[in-house]
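Q: Here is what each chain is made of, one letter per residue.
There are 2 protein chains.
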Amino acid sequence: MGQSNPPFMSGVPELLLLRLLEQQEMYGYELVKRIRLVTGEAISLGEGVIYPVLHSLERNGALRARRKKVDGRTRVYYSLNAKGRKRLDRLQTEWHRIQSGITAAFEAPGNA
Amino acid sequence: MGQSNPPFMSGVPELLLLRLLEQQEMYGYELVKRIRLVTGEAISLGEGVIYPVLHSLERNGALRARRKKVDGRTRVYYSLNAKGRKRLDRLQTEWHRIQSGITAAFEAPGNA
DNA sequence: ACTATATACCTAGTCATTCAAGGTATTGCG
DNA sequence: CGCAATACCTTGAATGACTAGGTATATAGT
Chain A
77 MGQSNPPFMS
87 GVPELLLLRL
97 LEQQEMYGYE
107 LVKRIRLVTG
117 EAISLGEGVI
127 YPVLHSLERN
137 GALRARRKKV
147 DGRTRVYYSL
157 NAKGRKRLDR
167 LQTEWHRIQS
177 GITAAFEAPG
187 NA
Chain B
77 MGQSNPPFMS
87 GVPELLLLRL
97 LEQQEMYGYE
107 LVKRIRLVTG
117 EAISLGEGVI
127 YPVLHSLERN
137 GALRARRKKV
147 DGRTRVYYSL
157 NAKGRKRLDR
167 LQTEWHRIQS
177 GITAAFEAPG
187 NA
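Protein chains in written order, with my numbering: chain A, 77 to 188; chain B, 77 to 188.
Derived by calculation from the structure, the hints in this document are not laboratory data. Please read all numbers here as calculations on a predicted model, not as lab measurements. Please note: incorrect hints may appear among the correct ones.
Cut-off 20 Å, straight-line C-alpha distance, at most; resulting in silico cross-link-like pairs (DMTMM-like, lysine to aspartate or glutamate) [claimed, not checked]:
1) B/109 <-> A/183
2) A/162 <-> A/90
3) B/144 <-> B/101
4) A/109 <-> B/183
5) A/159 <-> A/147
6) B/144 <-> B/134
Quick list of simulated restraints, FRET-style, between CB atoms [unchecked claim]:
7) B/159 <-> A/144: 52 to 62 Å
8) A/158 <-> B/152: 49 to 59 Å
9) B/83 <-> A/106: 16 to 26 Å
10) A/144 <-> B/152: 55 to 65 Å
11) B/132 <-> A/146: 45 to 55 Å
12) A/157 <-> B/157: 51 to 61 Å
13) B/134 <-> A/142: 47 to 57 Å
14) B/123 <-> A/146: 45 to 55 Å
15) B/136 <-> A/80: 17 to 27 Å
16) B/157 <-> A/158: 45 to 55 Å
Quick reminder that beta carbons are idealized off the backbone N, C-alpha and C, glycines included.
Between the sequences and the hints, there should be enough to build the whole structure, so can you do that?
A: Here it is as structure tokens:
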């Protein structure tokens, strides 16, 4: 039967990831903690969310992965490439649309 | 095993419904079209989303349902009661938390 | 009279996203 | 040595949202 479009509010984890990686390259475990920090605990995405998204973005060619060894620990650093930057743009626009849509709903008077 | 918390971004359809019903009583089919209208097409929830949410909110005691006959057509009008108003408050607060969390992430400088 | 469109309700089945909960391995601390 | 933190990962279940149907009445066109 019909396949589903992605749920209308999904892609926020992706948005957050891409946004942070746009600023500087980071590794997965770092992103998990950084998201909690940056959002003031409002959003807390576990490793079970972050890693799969990271992998799918890499497979998709939006991210570049680089293994680095630091203090005997292996980290996988991710950074945006052109495709990722485009994807970030698209998701950001979409987010604004949704956000202002909801805001509008909350400011709607008796309506027309 | 562990039961899951609801996904962190869910409850937006509910939020929209409750908000609109707070302003005036409406029926399902109306809500479908009203949401599209009010959000400027940004959000479009089908009947397959609206009706189940409406039913679950009613079962939960957040909404009151009233059958009315208009022009030979039967409509089910829903309105908020005390429990629904409380639920609206909670969802609204939660939404603001998430929204400003994401905004914060986008204004985060090089970070701390 | 027939047909199509709009209104108005509803549900079943499928899919994607998210979640909790594990598993592996290394480092550093008490 | 044991425990917590770091750092990677995956599996399986729960949940929500989507498509796609189905029923029935009214209205407008042909």
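Q: With reference to the structure, classify each hint as holding or not holding.
A: Okay, the hints, checked on the actual structure:
1. B/109 <-> A/183: Distance ~17 Å between residue 109 of chain B and residue 183 of chain A Cα, so the pair holds.
2. A/162 <-> A/90: Satisfied, since the Cα-Cα distance of roughly 13 Å is no more than 20 Å.
3. B/144 <-> B/101: 12 Å, holds
4. A/109 <-> B/183: Between residue 109 of chain A and residue 183 of chain B the Cα gap is close to 17 Å, so the pair holds against 20 Å.
5. A/159 <-> A/147: Since the Cα atoms of residue 159 of chain A and residue 147 of chain A sit roughly 32 Å apart, the hinted pair is violated (cutoff 20 Å).
6. B/144 <-> B/134: Roughly 17 Å between the alpha carbons, so the hint for residue 144 of chain B and residue 134 of chain B holds.
7. B/159 <-> A/144: 52 to 62 Å: The hint (52 to 62 Å, Cβ to Cβ) holds, given that residue 159 of chain B and residue 144 of chain A are roughly 53 Å apart.
8. A/158 <-> B/152: 49 to 59 Å: Once the Cβ atoms are compared, 51 Å apart, the range 49 to 59 Å for residue 152 of chain B and residue 158 of chain A holds.
9. B/83 <-> A/106: 16 to 26 Å: With a Cβ separation near 23 Å, residue 83 of chain B and residue 106 of chain A satisfy 16 to 26 Å, so the hint holds.
10. A/144 <-> B/152: 55 to 65 Å: Cβ of residue 144 of chain A to Cβ of residue 152 of chain B: about 60 Å, so the range 55 to 65 Å holds.
11. B/132 <-> A/146: 45 to 55 Å: 49 Å, holds
12. A/157 <-> B/157: 51 to 61 Å: Once the Cβ atoms are compared, 53 Å apart, the range 51 to 61 Å for residue 157 of chain B and residue 157 of chain A holds.
13. B/134 <-> A/142: 47 to 57 Å: The hint (47 to 57 Å, Cβ to Cβ) holds, given that residue 134 of chain B and residue 142 of chain A are roughly 53 Å apart.
14. B/123 <-> A/146: 45 to 55 Å: At 53 Å between Cβs, range holds.
15. B/136 <-> A/80: 17 to 27 Å: Given about 26 Å between the Cβ atoms, the range holds.
16. B/157 <-> A/158: 45 to 55 Å: Hint holds: Cβ distance 53 Å, inside 45 to 55 Å.
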